[in-house]
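*Asks:* Each chain, written out:
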Amino acid sequence: MTETPKQKVWGRWVVLAAFVLGLFLFTGFFGIGLAIPVVMPAVVLPTEPLTAPISTPFGEFFLSGTLVALLFADLVIIAIAIGISSAVKKGKLILTGIIGGVEALLEMLHGMTEGTAGKWTKQIFPWFATITLIVMIANWTEMLPGVETIGKLVKEEGGHYAVQAVGPFLNVVEPAEGEHGGYHLFPYVRVVSTDLNFTVALALVAVVMIQYFGVKSQGANYFSKFWATGTLFSKPIFGVIDFGVGLLEIVSEFSKVLSFAFRLFGNIFAGSVLLFVIGSLVPVFAQSIFYLLEFFVGAIQAFVFGLLAMTFMAQATQGHGGEHHEEAHA
Amino acid sequence: MEALGINGSFLLVQIVNLIIVYVVVSKWIVGPIISMLEKRRETIAQGIEDARVASDARANAEKEAEKIVAEAQAKASQVVREATERATAAAADVKAAAAAEASKAREKALAGVEEERSRILGDLRGQVAALSIAATQKLVGEALDEKRQHTLIAEFFTGVKAGKIVVLEDAKLSGEDAEITSALPLTSSEQESAKKEVLGKTGAQAVTFKVDPSILGGLVIKVGDKVVDGSVSGKLDGLRSNLR
Amino acid sequence: MDANAAKLIGAGLAMIGAIGAGAGIGIVASGAVQAMGRNPDATGTIQTNMILGIAFAEAVAIYCLVVALLILFVF
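Protein chains in written order, with this note's numbering: chain S, 1 to 330; chain R, 1 to 244; chain L, 1 to 75.
Extracted from the complex, chain S is given alone in its bound form (with noise of 0.2 Å):
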């Protein structure tokens, strides 16, 4: 908004730039362009192994793209965190640039979680800020050039795709002949929010975290909600009724946890390949607009998952008569 129109210009030179580049690499523009094929990624759920794996007690462990993107998702949010804590340090009061932005989020989201959680705002505000900011932040990595197009060539039988080179160092792919091409691409930097065990992880803790909260408020009371025997002699149909919908709550806190994982896995994931299917399609121009799109559902996903899980933890605080079962349709 407070760009000069130099910049303007700037900008605009940029992006035609760019485009003349696209059409000059990805097409046979005129015959002077190199027509790169723009290959179809393979869509693999699982996230590919960039070493060797380890044998751990729990499983195989490997270093994945995933990985590294949760690693640069750490550093930024650690590199936000300095900025933060220094610049309050500092005694500002009004913090500028993207730790503004930060602030302002954070400060909504605070107003939120004030008006939802009352008096327990200062123990489940963090956790709202934390769920937020990762997956924004995670979502957003997809973002970045490079990511999940850029990664290591493993030979393996039963690969998707053939290989052209272009320099030393430089390899492009292109489609497979037949049904058994010789090629895997493993890329560096996979979008974290793709990987289902960011996603179960973080809904295994916020499921956690909301029974932590039900008990440390309620205490041994919370758990009459799910073993509802209360009544059950005293009135002897609805009792079992209670009973019946008690262990419904249980269930409910499973699928919670299933909810939330693949809600925001499988936004994240659909959106990813959607704009590999755009981009081999158009392979110019036509993705940044659904990038426009990607950045405004991460962002969402993000917001609705910190939302939801602060909502059931102010109820769990809350206690019996607030639910509406929305757990156990979401």
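Cβ-to-Cβ under 8 Å is the rule here; a few derived chain S residues that face chain R:
#1 Pro46
#2 Ile84
#3 Leu196
Taking lysine-lysine and the DSSO-like style, the derived pairs with C-alpha atoms no more than 30 Å apart in a straight line are:
#4 S:Lys119 / R:Lys27
#5 S:Lys92 / R:Lys27
#6 R:Lys27 / S:Lys89
Source of the hints: derived by calculation from the structure; they are not laboratory data.
No residue lacks a Cβ here, since even glycine has one placed at the ideal position from N, Cα and C.
Model the placement of chains R and L on the given structure of chain S, informed by the hints.
*Replies:* Relative to chain S, chains R and L alone:
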């Protein structure tokens, strides 16, 4: 699970990472931001308080100023009123003094004029008489001696005959003030006798003398609200109405 | 019919569930827009709740998508 890529070691790594991130966020992002929000809220509240105090002070100052202005206005109006009163009083004094002075001067002037007129008419009287005698002598031929003539003329002009006022012979008059009007100024002896006569006959207390040449001769005596017209002009009028 | 063809058909069928999510999101958005039109002051709250509702409705479509992806790439 394997096909979905869910793997115990990764899950553990992610959970540990998430807890680390939670610690980082809650300690170095949320904590400072909450404290900053708190501080900002305090600052804003302080600012609002300050503004309120300032506005109070301003309101007080305005009230004070209004009071001062009102007092000043009251004082000013009082001063103006006093000054006006004083000026009015002074003006009234001056006017009264001027009026008194003027009336005194006018009275003096009137008196002077009256005196002068009386004197001039008195001077004229002798000449007129002499002229009349001379004229009549020419007409009737020195039948009358000069002294007799003078007496007759004096009687004509003054209506006083041998110390008696002719017109009062059979008039019944009474009143407080008497005014005697003659065509020419009466001599002081005539005045004395006329005064005595009038006072004796009418019971009036004071007599004033007036000179009015338009009555030609004789006397007009006004006592109270009645007038006895013994003047020549009155007689001529009566004659004129009889002849008509 | 070979297994691949069945997979493709199954994935396509799984995505039928997105119809419900689409209708649901439309209803949520229409209700939210009406509410904002009636009470523009409450726009912020309504927007938040609308996004929440959309997220819930969208979750159904996402489940369909996940199932479709599982059918295509996992099994």
